[in-house]
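Make the full structure from the sequences, and use the hints.
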Amino acid sequence: MSTPTIPRRSWAQRYHVKGIGWTVLLLFLLVGSAQMTGVNVGMFFSNLGQFTNLLVRMSNPAWDYTTVIIQPLLETIQMAVLGTTIGAAFAIPFAVLSASNLIHNRWLRGLTRLFLDLVRTLPDLLLAAIFVAIFGIGSTAGVITLAIFSFGMVSKLFYEVIETIDMGPLEALESVGATKITIIWYAVLPQILNQFISYFLYTLEINVRASTVLGYLGAGGIGVFLQRSLNEFNYNQTAVIILATLVVVLVIDGVSNHLRRVLL
Amino acid sequence: MEQAAPIISFKGVNKVYSNGTVGLKDISFDIPRGQFLVVVGLSGAGKSTLLRTINRMHEITSGEITVENESISDYKGKALRLLRRKIGMIFQGFNLINRSSVEKNVLSGRVSYYPTWKTILGLFSKADKEKAVHSLERVNLAEKLYTRADELSGGQQQRVAIARTLMQDPKIILADEPVASLDPLTTKTVMDTLKRLNQEDGITVIVNLHSVALAREYADRIVGLRAGQLVYDQPIANVTVEDLDQIYQAEGEKA
Ligand SMILES: Nc1ncnc2c1ncn2[C@@H]1O[C@H](COP(=O)(O)OP(=O)(O)OP(=O)(O)O)[C@@H](O)[C@H]1O
Ligand SMILES: [Mg+2]
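Sequence order for the protein chains is A and B. By my numbering, the letter at position 214 of the first sequence is numbered 1270, and the numbering carries on one by one without gaps. By my numbering, the letter at position 242 of the second sequence is numbered 244, and the numbering carries on one by one without gaps.
Calculated from the structure, these hints are not laboratory results. Don't take each hint at face value.
To be verified - Selected chain B positions facing chain A (Cβ under 10 Å, derived; list incomplete):
hint	residue
1	L84
2	R87
3	K88
4	S102
5	S110
6	R112
7	P117
8	T118
9	I122
All C-beta atoms in this analysis are idealised placements derived from N, C-alpha and C, irrespective of residue type, glycine included.
Structure follows, in structure tokens:
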């Protein structure tokens, strides 16, 4: 038996020049941007004492406060569900218009995508601040913020799914003499439904977490209570809120992860 | 065989793809109603292109194609959909909706008889649901009505595709290499089914085939394409093995 000849690696390959080069560059950028923005890593460590102090003050959770926060926690979940649903519903037609395999008109597709890109650049905290100013403190502002945020995110995920579908069934439906909408309903929808639901759940997970923060700006839900307890130095209540939120997020993540595994 | 009036007619048809590739070059011939026509030719000869110009899945560059004595080039919207309704199409890859049931796949062949909103709500008439069962019976698959399409074998999927086409009440069936991915036994079932529809219902059938043996077994007439041109056209009685070998010879080997 002859020994197999192994192709020789070039000098650059052997010493991983590319990988090392990128790492050095990345470190350089990291340190550079920290210096420019005035991030002081030392301060983080010297102030660790205050952090432990806070932890000590929270170490005595006011358990009876739990009953008070159940309602706002439910509101947070409702906000997330409503916002995600509204956003995803509006995302569907826009995703269709953005998919290059369905829309051959480059202008229409380009304009739709540009619009979606613009929506995605709006930070959710900014949206929340604006809608709280418009609709006042409460969950309406939160739902609208989450709807817009989900719309931007989901529409992109959706059209990327649409672009991966098998075009065969579309060709068949077209040859049958079906209208464009019938073609989408019969040949596109069944191919993407499961992935759509999966992305919907994924967005819901993100929104449950995001809506706790939005509440902090006055957009309803548990965040409002979080802010109040912190302002009043009621750290024992803060502890309960954080723990309860953690439980909710974990449960939602678990359920949604399970569902997504079943779907795909 | 008696000479029937043509159902499809090509008159000086040319097709150049947008990248400059010549798909079809000066094609002229008639297809009589009720014929079982087989198109042969090397890969890239233009067989798929020819087939797809008949239901306007591909546009032609010049010339004219008539179906039932009407020029099809200017059809738009509804008129185009009505043209496609009377022309069934069978594909090499079956093109079924995999995640949907056989029933839904078969019914999807009927959608052009309904307004869009009814197709979306799935409001098919009782008669059409029975027709779906009947179509499946004709391809011997009635027991698979509620099975998911992707749980069927290749041959079964192709028969579901034929049942879907039957829902259109087609006058013409175009089949683009319908058996290329099937084993010999399933190939026979599918080809027999097409032949039966041709003989029992008088449907004009046009099939692209790579297999010379199959072409000789099933065709009433064989046409050959090479580099987009019609280089052969004979009724089956006149076809010889040598003729077909000639068509399949590469350019350089030509005698
Ligand atoms: N969409 C397209 N754009 C550009 N050229 C194309 C396109 N489709 C087909 N062609 C070219 O047109 C010619 C004819 O192709 P066609 O698919 O009709 O051949 P075919 O006889 O069906 O081949 P096969 O037996 O491989 O299916 C080929 O040269 C092919 O490369
Ligand atoms: Mg082909």
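Status of each hint after checking the structure:
About 7 Å separates the beta-carbon of L84/B from the nearest beta-carbon of chain A, less than 10 Å, and the hint is met. Below 10 Å, beta-carbon pairs count as interface contacts, and R87/B has one with chain A at about 4 Å; its hint therefore holds. Contact between K88/B and chain A, as hinted, is supported at the beta carbon level, the nearest pair being about 8 Å apart and thus within 10 Å. Checking S102/B against chain A by beta carbon gives a least distance of about 5 Å; that is within 10 Å, so the hint holds.
Evaluation of the S110/B hint against chain A yields a held restraint, the C-beta minimum of about 5 Å falling below 10 Å. Annotation: interface hint on R112/B holds; nearest CB of chain A at approximately 8 Å, less than 10 Å. Interface hint at P117/B: satisfied, since its Cβ lies 9 Å from the closest Cβ of chain A, which is below the 10 Å cut-off. A hinted interface residue such as T118/B counts as satisfied when its beta carbon comes closer than 10 Å to some beta carbon of chain A; here the least separation is about 5 Å, so the hint holds.
Because the beta carbon of I122/B sits about 5 Å from the nearest beta carbon in chain A, less than 10 Å, this interface hint is met.
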